[in-house]
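Below, each chain spelled out in residue letters.
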Amino acid sequence: DAGVTQSPTHLIKTRGQHVTLRCSPISGHKSVSWYQQVLGQGPQFIFQYYEKEERGRGNFPDRFSARQFPNYSSELNVNALLLGDSALYLCASTPWVAGGIQYFGAGTRLSVL
Amino acid sequence: ILNVEQSPQSLHVQEGDSTNFTCSFPSSNFYALHWYRWETAKSPEALFVMTLNGDEKKKGRISATLNTKEGYSYLYIKGSQPEDSATYLCASLPNFGNEKLTFGTGTRLTIIP
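In the order they appear, the protein sequences are chains A and B.
Numbers 1 to 113, taken from the numbering used here, label the letters of the first sequence in order.
Numbers 1 to 113, taken from the numbering used here, label the letters of the second sequence in order.
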C-alpha cells in the first residue's frame with residue numbers, strides 16, 4: 001500500500017504569491033493533519049481535518065487555510081507569502097481521531113524568496 | 001513545563017554503545033506521548049505511542065518509558081548501530097479528540113562507526 005504522498009516535493013515562490021500544497025492520505029485514513037517545520041525547530045501543528053471538517057487549528061494567521069476533499073485528500077493554501085513561511089510542510093494521516101500513530105509524508109520544501 | 005522539551009539537542013555515540021535521551025512535557029494536560037524517528041530526507045516514522053503512567057514499550061533494541069505524574073519520557077537505544085543515526089522527536093497530545101501534537105525540537109543522534 002502507498003504511504004502518505006505529498007506534492008510537490010520542492011517549491012520556490014516569491015513574497016506575496018500564494019501556494020497550494022497537496023496531500024494524499026493512506027487509503028482508508030479519514031483524518032489529515034498539517035505541520036510546519038522550520039529549520040532547528042520541531043514540527044508545529046497547523047490544521048487537522050476529519051471527514052472533511054476542520055477539527056483543530058494551530059496558532060497560524062488567516063493566510064493559512066486548508067480543506068479536505070470527499071476522497072480524504074487535502075490541500076494547504078498559503079496566501080501573501082512571507083519570507084518566514086519558508087519551511088518543510090508535513091502532512092500526516094490517521095484512520096480516525098483517536099490519538100494514535102500518525103503516518104507522515106516526506107513533506108514539501110517551500111522556499112520563499 | 002509549558003512546552004515539550006528534549007535533551008540533549010545532539011549526541012554522538014560510538015557504535016555498540018547504549019544511549020538514552022529525555023523528553024519533558026506538561027504533566028497537567030496530557031493524553032498521550034508519541035516518539036518518532038526521522039532520518040534525513042525521509043518521513044518521520046512512529047516508534048511508540050504511550051498513554052499510561054509507568055508504560056514501557058520496546059521495539060527491537062529501542063525502548064521507552066513514561067512518567068505522566070512528573071511529565072517525562074526516556075528513550076533508550078541498546079547497542080547502537082549506524083542505522084540508528086536519525087533525529088528522534090517526541091510529541092505530547094494533550095487531548096483525546098484531535099491530533100494536535102506538540103513536538104519537541106528533537107535529539108539528533110549520530111552513531112560513529
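Among the clues, some could well be false.
Which stretches of chain A does chain B cover? Using the computed rule of at least three CB atoms under 8 Å from a CB of chain B, they are [to be verified]:
hint: 1; region: 38-49
hint: 2; region: 64-73
hint: 3; region: 94-107
Distance ranges between label pairs, derived from CB positions [to be verified]:
hint: 4; chain 1: A; residue 1: R15; chain 2: B; residue 2: G60; range: 45 to 51 Å
hint: 5; chain 1: A; residue 1: S65; chain 2: B; residue 2: P94; range: 40 to 46 Å
hint: 6; chain 1: A; residue 1: R15; chain 2: B; residue 2: Q81; range: 41 to 47 Å
hint: 7; chain 1: B; residue 1: Q81; chain 2: A; residue 2: S65; range: 42 to 48 Å
Calculated from the structure, these hints are not laboratory results.
We put the CB at the ideal spot given by N, CA and C, even for glycine.
- Okay, the region 94-107 of chain A and chain B, do three or more residues pass the C-beta test at under 8 Å? holds (count 12)
- Message: I want to verify a distance hint. Is the separation of the beta carbons of R15 of chain A and Q81 of chain B within 41 to 47 Å?
- Response: holds, 44 Å
Notebook entry, point to check: Would you say the region 38-49 of chain A counts as covered by chain B, given the rule of at least 3 residues with C-beta under 8 Å?
Noted result: Our answer is that it holds, as 7 residues pass the Cβ test (under 8 Å) against chain B, meeting three.
Check: Taking the beta carbons of S65 of chain A and P94 of chain B, is their distance inside 40 to 46 Å?
Finding: Cβ of S65 of chain A to Cβ of P94 of chain B: about 24 Å, so the range 40 to 46 Å is violated.
Per-stretch coverage check for the region 64-73 of chain A, three Cβ contacts closer than 8 Å to chain B | Check failed, 0 qualifying residues.
Q.
Quick check on a hinted range of 42 to 48 Å for Q81 of chain B and S65 of chain A, using CB atoms only.
A. Because 43 Å falls inside the window, the suggested range holds.
- Query: Regarding R15 of chain A and G60 of chain B, is the given constraint of 45 to 51 Å on their beta-carbon distance met?
  - Reply: holds, 46 Å
Taken one by one, the earlier hints fail for this structure at numbers 2 and 5, listed in ascending order.
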